[in-house]
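Chemist: Residues per chain are reported as follows:
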Amino acid sequence: NAGVTQTPKFQVLKTGQSMTLQCAQDMNHEYMSWYRQDPGMGLRLIHYSVGAGITDQGEVPNGYNVSRSTTEDFPLRLLSAAPSQTSVYFCASSYGIRAENTEAFFGQGTRLTVV
Amino acid sequence: AQSVAQPEDQVNVAEGNPLTVKCTYSVSGNPYLFWYVQYPNRGLQFLLKYITGDNLVKGSYGFEAEFNKSQTSFHLKKPSALVSDSALYFCAVRDRGSSGSARQLTFGSGTQLTVLP
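Sequence order for the protein chains is Z and R.
Take any residue in the first sequence, count from 1 to its spot, add 103: that is its number in this note's numbering.
Take any residue in the second sequence, count from 1 to its spot, add 1228: that is its number in this note's numbering.
These are computed hints drawn from the structure, not numbers from a lab.
Don't be surprised by glycine CBs; every beta carbon is placed ideally from N, CA and C.
Any given hint might turn out to be false.
As the list claims (entries may be wrong) - Just some of the chain Z residues that point at chain R, by a computed CB distance under 10 Å: (1) G143; (2) Y167; (3) S170.
As the list claims (entries may be wrong) - To give an idea of the chain Z side of the interface with chain R (calculated C-beta under 10 Å), a few residues: (4) A105; (5) Q109; (6) Y138; (7) R147; (8) G154; (9) G156; (10) I157; (11) D159; (12) G161; (13) C194; (14) T205; (15) F208; (16) F209.
Stated by the list, open to error - Computed Cβ-Cβ distance ranges for the label pairs, DEER-style: (17) R/S1298 x Z/T108: 38 to 48 Å; (18) Z/Q125 x R/N1269: 17 to 27 Å; (19) R/N1258 x Z/Q211: 44 to 54 Å; (20) Z/V191 x R/T1300: 25 to 35 Å; (21) Z/T110 x R/N1245: 39 to 49 Å; (22) Z/Q120 x R/N1296: 46 to 56 Å; (23) Z/A155 x R/Q1299: 22 to 32 Å; (24) R/P1246 x Z/G119: 45 to 55 Å; (25) Z/G119 x R/N1269: 23 to 33 Å; (26) R/Y1289 x Z/P178: 45 to 55 Å; (27) Z/T216 x R/Q1238: 19 to 29 Å; (28) Z/Q120 x R/K1297: 46 to 56 Å; (29) R/G1290 x Z/T108: 22 to 32 Å; (30) R/P1268 x Z/P178: 23 to 33 Å.
Looking at chain R on its own, in the form it has when it is part of the complex (with noise of 0.2 Å):
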């Protein structure tokens, strides 16, 4: 079965600096891999996704993110923060060898991210 881990409920950061939210995942196959953004009282929002090729992956609102296959990890960056982007930060992984109800979206528990001014 997949999993998804996010090992920090909480990260805080001071506005301008670089940030990093973690992501490792756990798949039999090869994986496909998203982050989302939700804002207070709205939706998952799609930030970026991993399918193939080049390891790191850009996305909206100037977000990165690398895959690293050898440390399963898919972790989101910044390079500069902003108070704008404090919201929860969701990843989320689909096994492309799985079948059925294995292949759906499997989510971690999310992370909190507060850019303090």
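In isolation and in its complexed conformation, chain Z is listed as follows (with noise of 0.2 Å):
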């Protein structure tokens, strides 16, 4: 049981490239999140899903975009990477659709670093 994986640990990118952060779990989790952490901000809630198929934004969506086709998988895409896009990008997963009272996991994160 791995839990809530995601690949890669670290990444760097260029100014205005591409790329997929995957996260997948193996939990049959219902709902999945991204977040993103910045130095004396916590945690920021980027998009989120209730289940495959269904998707909406959290906080600070603008230049990432998700899908979720299985319940495994929740991929968060990069449209063209920003330096401000530079941090610690953790995904998430919570057992139950509302997900309102249980806790989340978390996986162990990527640092992305945009040059």
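Can you join these two chains into the complex? Each is in its own frame, and there are hints to help.
Modeler: Given below as structure tokens:
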């Protein structure tokens, strides 16, 4: 049981490049989300999904796309990388569609640098 | 909109002493409250949560937190700190009365706890 797995762990991109951050969970959780962590700002929600085929925007969605074709996978796409997207990205999953009162399980994070 | 404040960026405590990491929240309805811990170069790990019922919540590794509705606080506590407790701690809230993206977890900015030997 691997939990939440994120790849890659580290990535350096040039401005304007695109890439996909992968996230997979093997706990059959309906709810998945992506956060970015910046110093002094805690974690901010980028996008989330309450089940396969359903996604919605969080607090800071601009410049990112997501899709949820299966329960297990929730990739995050950077369309045209900008230095402001330099951050640590975390994927998380929770049990239950509403996921209101359940704790989140986090991946190990992807440290992204855009130069 | 919901929000969380962790007023201390850094808390230092001597090993064996009690520790407190402060958290206050703001929601329009009633809250679900969570504490997470992050060790260097790792993801966040769940410590404890308040959903309903007893205001004193006990969690992993000897941590506990007290929900105080009148003060809108959910401070994290431990009676005797260990050096291994040194980490970054995050408080988070969900407003059970909201909908859509507002129903999602909102995190505080984090408090770096250092336990000195």
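Chemist: Find the hints from earlier in the document that the structure breaks and name them by number, from lowest to highest.
Modeler: 2, 3, 4, 8, 9, 10, 19, 23 and 26
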